[in-house]
Structures are given as C-alpha cells and as structure tokens.
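> Given next are the chains, with one letter for each unit.
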Amino acid sequence: MKKEDIGSFLKTDPSIQEMRRYAKMLGVHLKRTMGKKDIARALAKLSDKDVPVSSQTVVATPSESKRPSKPVNVDLPRTYFTDSITLHPVNPYWVYIKWDFSKETRERLDELGNDIFVRVSDITNIIYDGKNANRYKEAKILSEEGNWYFQVDFPDADYIAEIGYYAGELFVGFMKSKIARTPRNTPQFTDQETWVDLSKGSKKEVRVSVEAAETSLSIRSSGPSDNPSSEEFIKSISKSRSGR
Amino acid sequence: MRKGKFVLMLHAHLPFINHPDFPSFMEERWLFEAMTETYIPLVQAFNRLKNDGVHFRVSMSITPPLMEMFANADLQKKYLKYLDLSIELAEKEIERTISENPASNRLAKHYLKELEETKSVYIRCNGDLSGEFAQLQDSGNLEIVTCNATHGFLPLMTQYPEAVNAQIGVGVDTYKRHMGKAPRGIWLAECGYVPGIDSYLREWGLSFFFVDSHGLWYGDPAPRYGVYRPVMTPEGVFVFARDPESSQQVWSAEVGYPGDSRYREFYRDVGFDREEDYIRPYIDPSGERCNTGIKYYRITGKNVSLNEKSYYDFEEAKKATREHAKDFAARKREQIKRLSEQFNGVSPVVVAPFDAELFGHWWYEGPIFIEELFRELNGDDTVVCATPPEVIDSMGEVQCVTPNISTWGANGYNEVWLNGRNDWIYRHLDEGVRRMIELARKYEKTEDRLKIRALNQMARELLLAQSSDWAFIITTNTTVEYAVNRTKTHINRLLTLYGEIETGTIDVERLKTLEWIDGIFSSIDFRVYSRQVG
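Sequence order for the protein chains is A and S. Residue 93 is where the first sequence starts when you use my numbering, and the numbers rise one by one after that. Residue 44 is where the second sequence starts when you use my numbering, and the numbers rise one by one after that.
Hints listed in this document are in silico derivations from the structure and should not be mistaken for laboratory results. Heads up, a few of these hints could be off.
Computed list of lysine-lysine pairs in PhoX-like fashion (alpha-carbon distance at most 25 Å, straight line) [claimed, not checked]:
1) S:Lys-120 x A:Lys-158
2) A:Lys-162 x S:Lys-124
3) S:Lys-555 x A:Lys-158
4) A:Lys-158 x S:Lys-124
5) S:Lys-124 x S:Lys-93
6) A:Lys-268 x A:Lys-232
7) A:Lys-162 x S:Lys-120
8) A:Lys-232 x A:Lys-270
9) S:Lys-124 x S:Lys-162
10) A:Lys-327 x S:Lys-345
11) S:Lys-555 x A:Lys-162
12) S:Lys-135 x S:Lys-124
13) S:Lys-124 x A:Lys-195
Output of the computed footprint for chain A on chain S, the stretches with three or more beta carbons under 8 Å from beta carbons of chain A [what the hints assert, rightly or not]:
14) 262–272
15) 461–468
16) 473–481
The beta-carbon is built from N, C-alpha and C at its ideal position, and this holds for glycine as well.
With the hints as constraints, model all of the structure from the sequences given.
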C-alpha cells in the first residue's frame, strides 16, 4: 500500500465503520475506544512506513488471514453421499470407473448384507437390457466410495459400468453409468466418402477403393497390459511433455 | 508448380497463478520467465519480420488465463520488478565476469542488452501483451485462437455437457473481452477431443480446431489425405491435424534441432551456480534456488555432464538457427512435393503445432529459428505459409470425417490426466460441477446482488480447479504440492460458497477476498451453467 493511497482514502471522509474496515484490511490493530481521529492517526502513521503489500489491496479487502491466496492442503470429503457412477476410457484398452453411494443406499446395502460388485459390460451394437452384454468383467468392491481400472478387450467399443449384487445367480444392478466408448487405435477404412462442396454447401457421396486409401501409419498406444494406476505406467508417461 | 501450405501453430498457455497478497511467489515466476523468454521475443521477432516486409503467418492460441494474467495490474507491477532485478543481476554479472572469462563477460553484456530491450517493449505497450499480438493479427500475420476457459481437460467432463459448454463459452467471452472481437478458432486444451465437442464449438461460433495426428488417422472414416488436408466434422467445423514429421524434426530427443551442441544449456543457470549471499536477492525470498535466465554454457555434447559444459557463444548459436531453419524449410519443400505427387496434385497442408514456450523458454534460440524460417520461406515457390482461415478459404471441397477420441499427451489418449496418481481429483471436480449446475438452475432468476456475486465466484473456483495443469503436474511429478493444494483449495472454496449460498450466510468479507485472489474472468455469469445443453 502506497502512502498516497492511504492519504487519498482519508481524504474521502470515510465513516468510522469504513475506517475500521480499512484498518483491518491493512492489519492495523485498533482499540474499541478509538475514535475517528485516533484511527486516522494510526493510518497516517502506517502511511509513513512503506507497507510491503500488493498494489491491489487498494481495491480489495483481504480477510482475516494475511495471506489468503496460499493454496493449502485442506482435507476434502471422502464421500459426497450421492449415488453416482461414472465411466471414462483411459485409452483403447483401459477404462476407469468411480462410484459413490448416498446414505440411503448405504443403509439399504447394509440391511441386505450381500457382496457388492462393480461390473463393466461391452454393449457394442446392442440395446442393453441388463442381461445381454457381449461380455463383462466384474470385481468385488470393498468401499462405498471408490474407483477401479478395468482392462477391456476392444478399442472402439461401447462400455457401461454398473454396481450391483447377486440374488442367487442373477446380477441385480442398482446403479448404471452413462455409456462411454473406447478410442480406436487402427484406421477405419470405408469405401464411401462424403465430401462437401464449400461454394454450394452441397454434399456428395464418393465410392473409393479401400486398398487405395490404406496407409501404413500407426502410433504406439498403450497395450492391454499397462495398468494406468500402476507406478511403472505413470513413470513411463511422466517424462513426456505435451506438444512433443 | 507443386505448392502446399504450412501452418505453424503456437499454443501459449500457463495456468492462472496470482498471489497478490504476497510480495513475490515462486510459481508466479513461470509467467515472468515465459514473458521474458518467449512471449516478448516472439513479439520482437514477428515485428522485425513485419517491418522487413517478410511474408509470414503464425497461428497462436493465447489461452484465457494467459490473457487474464497479462492484463492483471498486480502481475504487471511484479513483472516490472522482476525485470528490474534481472537487469540489476546482469549488471552485477558484467562486473563479476570481467575477471572470470571473456566469454561469460560478453554474454553478461548480451543479457543486459536483451533485458533492457525486453523492458522497453513492455513499457512501450504499457504491459498490454495481448494488444501487441492483436496488432499482429490485425495486420494479417497472426491468427489468434482461443482455448477453453481454464484449459480444462474436456474428455473427462463429457458426463456433464454444461461443464464442457461453460469451458468453451467462457473461453470465447474472455477472448472477446481482451481482443475486441470474436475468435474464429479454438485450441482444445491438450488437443483433447471426443466426438460431440464440435457441436459446442459450432454453437459458440468457432469454425476450426486442432487434433493430434491419430485424431484423423483413426477418424471415421480414415481421411483420404491423412493429416495433410483439413476435414469437416458432421457439425460443420473444420479440423486441422498435427504433422508428425514436423514435430519430430523439432522435438525429437535424438535428431531434434534444440539438442544441437551449439545451443544454450537450459540447466546451467547462475541461479544455481553462484554463492548464496550473492544470488539471494534474485531467487525466491525463501532461499530456494531457481532459474534467473542468465546462463553461460552451451549444450556442448549429449553425454557431457552439467559441470563439464563449454561456454556458450551466441553468434555460433545464431549460425545454428540459420542452418536449422534452412534445413527445416528444405524438408518442408521436399515433404510438400512428395505429398503433392501422392495426392495427384492436390495441395497438401502441413500443420506444425507446438507449445509456444518451447521457443525461447526451453529452446532459447527458438524465436530466432522461427524468424529465420520465415525469412527462408519468404516468397517460396513450394511452401506457402498460411493461417487456418486462409487454408479454409482456398478449399473448394472438404471431406466429412468424425475425428477419433484423442489428445496430444503421452500415448495419445487420456492417461496423462487420468491415472493412479491423479484420479482422486475427478470425484471432487464432478461434485463441483454437479453443485454448480444445481445452484445455477435454482437461482437463475435471482436478483440478489450478493448471491449473484457468490455464484459467480463459485463458477470461478470450479473453472480454476478444472485446469488440466494440476493433473499434468501430478503425473510429471514436478511441483506436485502446489498442484495438489491448488486443486483442493479451489474445491474447498467452492464447497464453502455452496454452503453459504444455500444457508443464506454469505461471508461478504471472505467473498471479497476470493474475488480478489481468484479474480479471473471479471465478467463471468454463473448462468452459463444453467443452460440445458447436450
């Protein structure tokens, strides 16, 4: 805070409340008994010193803490007590699932006492009815809020995640994620191309020979064995920078 | 004559780091270093090219956090202080190196001159670096695109269309506020694309974006010309894809230009080399050593240890940039001729995107390389430098392709931003989004000024927490503590605001503080989260 800034503030004929707030913002200790003149004197005294705080304190007020912008390692909730399940592809061969349960669900499951499973199903090219998945994988879950990485069989496939339990032989899913698709890692050649004439805005379909379109381009993608949650895997990617 | 177009794309980005209540803050140096070493040297190189009448075209994304930091009065003031200290150090170094070595003394004088020029550019433009780049856009040399608001990683937000929409919408609005006009294109953070994102781009009036090579190679269908012609998504948005050859020539650890033995060694800096008492005023006040930008050594050789490096010779390094620019231009000519033949005369488009900070910050001579490259290509018969809109304007027809899910991170998908080290972030980010949408809809029509301010601040905290930089830093194991704490702190502030809004107990003083310290996007409207999208 510059000397002239404090001076200009005092010239605006502030109320005693405004002066108190201003003094607090600058960390000036005031006694309850101090009147306007006393506070003005305390501020004027401060303005003689070169207070090493940011220029922007002129227009804003820091709260109780003198350094409120310092990021801190605050504890965030382990659970938000909401029923949720999300599925994301990590790469063509791995998906990530996370879940959380509401209090009601937790109570219901406690009463039920069954083992709870997280399941990922391949539902590519079908209308999924809960029983007709092309294939699925599952794991017993140990916590009511958690996550799991599943290795899946196919890139370019639709997956859905569910949480459920077994009633006899029957899997009873009670939470379902949105569908997510794994990325492709090979070219998708077709004999039909669509082109847009930019001057007319019209579209045309063109038939091409697939052989002519093929290229030998490829990139390395994470193979099925690299678990994205493992330290070895993270070390292998951590040296790379974006833009390379 | 076989001709093709060359699109150089520089992605300029740093996360929003603003600690106005600290006289100096270590992580704020990231901005100051990038300004001194990359952004201002690029402005200088571009202006020299413009003044010399050289035909050059560069596409640049200047991300919303970067534009906001450029315009932040407090950071501007701190930057000038940083420059003054750097100048003071260079002056001391001139004295000190007289008795050390003529090479380091020559370099100290070089750094002093360079820093004084940097300062004069900064003062001349009154700290308005966005304005400097905007002038180059007005003259047709630059095409500046926007980026999603805080560089949030969109592929992991797709569960919440409102979150994707807000990231893009706030990115567009911030660009308009700083550049005075709407952006025509966008750089999606980390090149992160998932089919469907293009519909938001169209909604926000954006006509093109970029993907990594496999975004098109594995697109649906595989495009006829691979990555060498832009395509159009089903939503009518143009897509430009990265040319792997260009990246390899510049970036490769084995054959990339920046590894030449004549170039400056990044990891030898007087900030680490000088004795503590001497260097203390120029490093972090905590005494933690850091780069000062004054470096006297060259790479020397691949297997030469840091303490065996030879002195750097700026004139020799400049010679190397000319050689490398010539070589790169020759390779582009050869590549374009080869592709033209393969494509039966259809003109190829070669797109070379890079992190802007590579040029100058990591590769000290990078901005000179860019300048030399455009001088080399000036009036070239084969390689025509162009911006994406110029390429689009020159096209008669375009193939329709849906790009593949892709990013430009290691291995090409989501693993850099989603793995065992950083996956904990997403539980909290998703909850933040859910609560933001809930309150945005609940209070969409509120006229309570205080509530509106609190809701706007909640949106800022969410956007700041979503910055992809935090997950990236956690993976790369660099300044992990800062990244973890930034994520947690923004989420915590968001949760507290949520509670206060819902219970009608908004702490005005605390809100003021948050508006000050997390004061990005001054004109944000929380209602961007209330819209039904997707």
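> So, for every hint listed, does it hold in this structure?
Here is how each hint holds up against the structure:
| no. | hint | result |
| --- | --- | --- |
| 1 | S:Lys-120 x A:Lys-158 | holds, 20 Å |
| 2 | A:Lys-162 x S:Lys-124 | holds, 21 Å |
| 3 | S:Lys-555 x A:Lys-158 | holds, 14 Å |
| 4 | A:Lys-158 x S:Lys-124 | holds, 22 Å |
| 5 | S:Lys-124 x S:Lys-93 | violated, 30 Å |
| 6 | A:Lys-268 x A:Lys-232 | holds, 16 Å |
| 7 | A:Lys-162 x S:Lys-120 | holds, 20 Å |
| 8 | A:Lys-232 x A:Lys-270 | holds, 21 Å |
| 9 | S:Lys-124 x S:Lys-162 | holds, 10 Å |
| 10 | A:Lys-327 x S:Lys-345 | holds, 23 Å |
| 11 | S:Lys-555 x A:Lys-162 | holds, 16 Å |
| 12 | S:Lys-135 x S:Lys-124 | holds, 17 Å |
| 13 | S:Lys-124 x A:Lys-195 | violated, 54 Å |
| 14 | 262–272 | holds (count 6) |
| 15 | 461–468 | holds (count 5) |
| 16 | 473–481 | holds (count 3) |
Hints 5, 13 from the earlier list are contradicted by this structure; the remaining hints agree with it.
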